[in-house]
Amino acid sequence: MSEKKNILVIDDDVQLVDTVKTLLEAVGYQVSFAYQSEKGFELAKQTKPDLILLDIMFAGPPGPDGVELSRRLHEDPDLKDTPVIIVSGVKQALDMPIKLGPDETYMPVKAFLEKPFKPDQLLTQIEKILGPRA
Amino acid sequence: MRLQAKFNLGIIIIFTILAIVIAVVTIIYVDNNTIREAENRVRIYMRAAWEIHNGKVRPIRASAEILAQNQRIRDLLNDPADKALSKAVSEKLEAIRQEQEMDILNVLAPDGTVLLRTRYPYNKGDNLAADPFVQQVLATKQSSVGNAILSLERLDIEGPGLTERTIASSGDPRGMLVGAAVPVIQDGRLIGMIQMGSLLNGSIDEVDRIRDAVFENEYYQGKPVGTATIFMDDLRISTNVQDNQGRRAVGTRVSREVAEHVLERGLSWTGRAFVVDTWYLSQYDPIKDPDGNIIGMLYVGELEQKYLDLRTQVVAVYLSVIVVGMVLAFLTFFFITRSVLNPVRKLSEATKRLSSGDFGYRVPVRNKDEVGDLSASFNHMAEQLEAQRGQIEQDQQELEALNRELKATNRNYMEMLGFVSHELKNPLASSMMSLYTVKDGYLGEINPAQEKSLESVAQSLEYFQEMILNYLDLSRLEKGELEIKETNISLGPDLISPVLAGFAGALQEKKMRVENHIPDSTVLCADSDLLRIVYDNLISNAIKYGRDGGTIMLDAFENRNMVTLSVRNDGQGISPEMMPKLFKKFSRLDSPEYAGKKGTGLGLYTCKEIVEKHGGEIWANSKLGEWVMFSFTIPKSNKEF
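These protein sequence lines are chains L and G, in that order.
Letter by letter, the first sequence follows residues 1 to 134 of this note's numbering.
Letter by letter, the second sequence follows residues 1 to 641 of this note's numbering.
Treat the hints as calculated values from the structure; they're not laboratory data.
Wrong hints could be hidden among the right ones.
Claimed, not checked - Keeping only pairs whose Cα atoms sit at most 30 Å apart, straight-line, the calculated DSSO-like set for lysine-lysine is:
no., chain 1, residue 1, chain 2, residue 2
1, G, 510, G, 608
2, L, 21, G, 288
3, G, 425, G, 439
4, L, 110, G, 425
5, G, 141, L, 118
6, G, 141, L, 128
7, G, 636, G, 584
8, G, 124, G, 352
9, L, 21, G, 141
10, G, 288, L, 118
11, L, 110, L, 48
12, L, 118, G, 452
13, G, 425, G, 288
14, L, 110, G, 511
15, L, 110, G, 510
16, G, 124, G, 141
17, G, 636, L, 118
18, G, 485, L, 110
19, G, 510, G, 613
20, G, 485, G, 510
21, G, 452, L, 80
22, G, 544, G, 585
23, G, 425, L, 21
24, L, 128, G, 544
25, L, 128, L, 48
26, L, 128, G, 288
27, G, 452, G, 407
28, L, 4, G, 585
29, G, 510, L, 128
30, L, 110, G, 439
31, G, 124, L, 118
32, L, 21, L, 5
33, G, 439, L, 128
34, L, 39, G, 510
Said to hold, decoys possible - Now the stretches of chain L that chain G is said to cover, found in silico as 3 or more residues with beta-carbon under 8 Å:
no., segment
35, 14-23
36, 66-73
Given the structure is predicted, the values throughout are model-derived calculations rather than measurements.
Where a beta carbon is used, it is the ideal one built from N, C-alpha and C, also for glycine.
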């Protein structure tokens, strides 16, 4: 049995984080999480996850939004190859990284997932990136 | 054209026509009158001229008749051979001839033989029985007076100097004599005749007397007003008509027309005549010798220019009177029409102000005439309108206030709805996530009864979720938050692909196939986010109401400046009765075919709102039991971004 893949969830929706954590752990991933973008970035630096699920808009104290955070991740030498899945309920926000695409040589964003989503949809996207789970 | 201008133009036209008619009539009338008057005067002048002409002959006759009573002449006639007596009488008569300024004074025997020729005493014994005067005396034993033409031969006989005089004066050697022959009667028997006479050729005495007596030697613009002429045949032998150099125009001839009329037909000629170099109003009368032969003409003429100028003056006076009269009439007319039209103009002005919304304006009512009545009626109407408008404005304000209130209420409602929906969205999303995590067995096996129950919850939650998403779209749309931000959209890659990607799971679940016939080249001018809501709704409906395993067809047809887009699916279709309700807010297709597939009644309404915001239309076609197709139009790309 190979080592469990580590997934970092950065989202301000406590319940959703809880649900996603429950699901992902149930299917065999190791899950860490942050409710604020700044903290999420710190946690990513510490734990170096295999994949990051990132929300776009955050309530609470001011901090970078999802797009800004994914750019920062890309600029960080340790994290620049970490894949990101954007998870958002805002359709326009979902389009933003796509529109940024042609101007960037590389973005870590691999997929977009519109809220609400179903377990199957999330797992499908994760498996596309990390490969079939054990 | 304004009324005043129309009136003025009308009256000017009438006046102009009137003035022209009056002027023409005046000119013709004055012309005829002055000419007729002039001709009458010329006739009178002619009578005076004849008096003077005939007056010349009278003293000649008288002198001859006195001489005929002279005893010594009678003695001589009784004894022509008495040379001493002959010499004495001849000398005496020569003295008389010279004193009387006669050119000839002859004493004739009863057979016409010349006994004494005072002017040329050596030339006698010739017979003058052919002389017209002598001839008449022989025939009637009465005095004969008048004019006669003497031939060249006769003049030569009468004495030296006469022919030279005639030739010098007019170029014709013949002479026209004014004279008389009277019989000398003794005991009822003709014992002889006395002939006296004077040549008119070159003499100016008579014509100047006519001119002076009749015309008082008046001059007009350097020309003599009156002229008189004696013609021998058609030749001027005595005249005060002047030629170009100011000399008496003797030796010139009369026009052919006058000569024909007077000399050949023996008639008087009256009219305009071009005498030497000027027009004269003239009369020519024939002069006859005692035998009645026409031997010349007497002419008088008055300068026409004088009459023409007189006529011009009269016409000018007439016309000035007409013009002044018309100007006065026009001014009167102008002031009258203006006083009539002024109130009308004020009414017109008031009507304009009324129509532009000035209900407070009133027309002054001055006169109790028709226009005054009209003005009063107008004022009454304006008052009523003003009152009505006040009422309407008040009503309108009330309506506007009510409308604002309603809008505010609606906005509050929509804001609340949007807020509630938004707050519900995230808990709902995580609830569904949790539910499916359990239902799909990720947290352990569940039995069929549990799965059925969870499935029922899932369906409710999905309906709930759809409703919330719709409410969110709608509340944003109605709050005006979603103002159209038009850009050029490449429909296929920018919009259809991401939307279809979002529905991949649902399509797979119902085993549906999508046929996308939209050309890659289709570019629209639209708000990308709003158009996406439309496609989300239509495709979501197509999946929800479409037949399992059926096909969804997407199309785009370009017209002149619109693109018609359509989404078609196989399925139950929509009955004609349902069609009108499709796009109404909160309307649902509560028909047996759609039992168990509850809609929110908002999706199509939102689509309609969005399409109409773009200036397009949306509609549906269906074949019941086979297919349904939703179509809408969006403007083509027409701007550069």
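Against the structure, the hints come out as follows:
1. G/510 / G/608: holds, 27 Å
2. L/21 / G/288: Judged against 30 Å, a Cα distance of about 164 Å means the pair is violated.
3. G/425 / G/439: holds, 20 Å
4. L/110 / G/425: Between residue 110 of chain L and residue 425 of chain G the Cα gap is close to 25 Å, so the pair holds against 30 Å.
5. G/141 / L/118: violated, 174 Å
6. G/141 / L/128: Distance ~176 Å between residue 141 of chain G and residue 128 of chain L Cα, so the pair is violated.
7. G/636 / G/584: Holds: residue 636 of chain G and residue 584 of chain G sit about 27 Å apart, inside 30 Å.
8. G/124 / G/352: violated, 117 Å
9. L/21 / G/141: violated, 183 Å
10. G/288 / L/118: Between residue 288 of chain G and residue 118 of chain L the Cα gap is close to 154 Å, so the pair fails against 30 Å, i.e. violated.
11. L/110 / L/48: holds, 17 Å
12. L/118 / G/452: holds, 18 Å
13. G/425 / G/288: violated, 148 Å
14. L/110 / G/511: This hinted pair holds, its Cα atoms lying about 27 Å apart.
15. L/110 / G/510: Answer holds: residue 110 of chain L to residue 510 of chain G is near 27 Å, not above 30 Å.
16. G/124 / G/141: holds, 23 Å
17. G/636 / L/118: violated, 37 Å
18. G/485 / L/110: holds, 29 Å
19. G/510 / G/613: violated, 33 Å
20. G/485 / G/510: Not satisfied, since the Cα-Cα distance of roughly 35 Å exceeds 30 Å.
21. G/452 / L/80: Judged against 30 Å, a Cα distance of about 45 Å means the pair is violated.
22. G/544 / G/585: Status holds; Cα separation ~19 Å.
23. G/425 / L/21: Judged against 30 Å, a Cα distance of about 20 Å means the pair holds.
24. L/128 / G/544: Given that 30 Å is the threshold and the Cα spacing comes to 28 Å, the pair holds.
25. L/128 / L/48: holds, 19 Å
26. L/128 / G/288: The given pair, whose Cα atoms are some 156 Å apart, is violated under the 30 Å limit.
27. G/452 / G/407: violated, 45 Å
28. L/4 / G/585: At roughly 51 Å apart (the allowed maximum being 30 Å), residue 585 of chain G and residue 4 of chain L break the hint.
29. G/510 / L/128: Cα-Cα ~23 Å, so holds.
30. L/110 / G/439: holds, 28 Å
31. G/124 / L/118: Cα-Cα ~178 Å, so violated.
32. L/21 / L/5: holds, 13 Å
33. G/439 / L/128: With a Cα-Cα distance of about 23 Å, the restraint between residue 439 of chain G and residue 128 of chain L holds, given a limit of 30 Å.
34. L/39 / G/510: violated, 42 Å
35. 14-23: It holds: at least three residues are needed, and the segment 14-23 of chain L offers 7 whose Cβ sits within less than 8 Å of chain G.
36. 66-73: violated (count 0)
Hint compliance for this structure: hints 2, 5, 6, 8, 9, 10, 13, 17, 19, 20, 21, 26, 27, 28, 31, 34 and 36 are not met, and every other hint is.
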